[in-house]
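Work out the full structure, taking the sequences as your base and the hints as a guide.
The opening residue of the sequence shown carries number 17 in my numbering; numbering runs sequentially from there.
There may be inaccurate statements among the hints.
Said to hold, decoys possible - When the alpha-carbon atoms are kept at most 20 Å apart in a straight line, the in silico PhoX-like pairs for lysine-lysine are as follows:
1. 108 / 138
2. 352 / 21
3. 78 / 131
4. 340 / 355
5. 46 / 302
Bear in mind the hints are in silico, worked out from the structure with no lab data behind them.
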Amino acid sequence: MELVKQILSNKSGWYPKSDPHPTLLTILGKGLVLIDGPDWARHRRVVNPAFTIEKLKMMTKKMTGCAKSMIEGWENQIAQEKSKQAEIELHKYFLELAADIIAHTAFGSSYIKGKEVFLSQKELLTLAIATLFNVRIPGFGYLPTPNNRKRWSLDKKVRTTLKQIINERMKSRDGGYGNDLLGLMLETCMAGGKENDKNRMTMDEIIDECKTFFFAGHETTSHLLTWTMFLLSTNQDWQEKLREEVSQECGMEVPDADVLAKLKLVNMVLLEALRIYGPVLQALRKASQDMDLGTIKPLMGTSIAIPIAMLRHDKEIWGPDADKFNPLRFENGLSKAAKHPNALLSFSIGPRACIGQNFAMLEA
17 MELVKQILSN KSGWYPKSDP HPTLLTILGK GLVLIDGPDW ARHRRVVNPA
67 FTIEKLKMMT KKMTGCAKSM IEGWENQIAQ EKSKQAEIEL HKYFLELAAD
117 IIAHTAFGSS YIKGKEVFLS QKELLTLAIA TLFNVRIPGF GYLPTPNNRK
167 RWSLDKKVRT TLKQIINERM KSRDGGYGND LLGLMLETCM AGGKENDKNR
217 MTMDEIIDEC KTFFFAGHET TSHLLTWTMF LLSTNQDWQE KLREEVSQEC
267 GMEVPDADVL AKLKLVNMVL LEALRIYGPV LQALRKASQD MDLGTIKPLM
317 GTSIAIPIAM LRHDKEIWGP DADKFNPLRF ENGLSKAAKH PNALLSFSIG
367 PRACIGQNFA MLEA
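This is how it looks when you write it as structure tokens:
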């Protein structure tokens with residue numbers, strides 16, 4: 017873990033991210049997740065204000081509204097059954113929920129167009145994943161094959177729609193850019209006028225960050241919610257504990273951000289679900305020069321894979337019950353849950369730690 021910390025916490029750029037797979041570039045573009053160096057620092061400055069706790073608290077009402085609509089859909093489905101019981105495929109609903117939340121919190125008043133972007137992004141993701149393990153033949157991605165033509169068409173549609181949304185916000189800037197993620201990003205980007213070059217982003221860069229919002233906030237959260245429900249269904253004593261806590265803190269009211277912060281057991285269960293079934297399996301870095309890494313001496317250009325999934329189940333780090341569901345390990349906080357304070361790594365650590373980790377936990 018000390019070597020992992022040394023790599024991920026380095027602020028000198030000695031261990032940049034590995035070159036992204038072309039498939040990821042198709043889905044995310046050159047957003048925060050994939051870029052490095054000065055461009056990453058500039059993007060981070062622009063995007064960071066949108067993810068402060070105070071800004072995120074303002075989005076809680078939209079999140080709970082989306083969740084309420086989903087639950088009402090379940091209730092209607094159950095009511096239509098004679099037995100008053102229904103089998104519900106949770107992952108499908110959680111995917112739709114996460115998409116709904118992203119569309120509302122990222123695009124607010126532009127929600128309808130935001131959903132159009134999501135549907136196109138979803139189709140683009142399906143096409144991209146289908147080619148993920150194909151043999152990479154140089155230049156093949158530029159040939160007009162049926163899949164490539166479809167991919168180009170979808171990407172063009174996504175970019176055109178996002179450009180329309182952004183241009184509409186720019187035209188109405190006298191009334192503010194909005195309190196959603198896009199509006200907050202534009203506010204930072206445009207603050208100080210044209211002379212504020214350190215925070216300027218091109219239209220393509222803003223579009224790529226919007227694409228990153230969709231991907232990073234959609235698949236990961238729906239994955240976490242699905243596995244959390246599985247763990248609760250197989251550990252029903254924890255179901256009861258969570259019901260009691262929610263009933264005590266919320267009663268029959270829809271919780272706001274301050275109430276959600278009091279749900280300690282819920283947070284512990286989510287962290288344990290992230291540990292056991294977290295969506296991030298590994299982190300890839302490379303040595304920017306010949307390095308000394310403990311007893312290892314990676315040469316410049318050496319690829320380094322950090323096995324996050326394996327570390328989350330390492331008994332030397334998490335104790336003999338590492339393979340068991342035990343939310344109580346997080347009873348005294350994340351930093352004291354394991355032998356190393358940064359052992360979870362679900363949102364990474366250091367300067368490249370996930371900017372949306374508070375958003376993801378609040379959303380879940």
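Hint by hint, which ones does this structure get wrong, listed from lowest number up?
-> none
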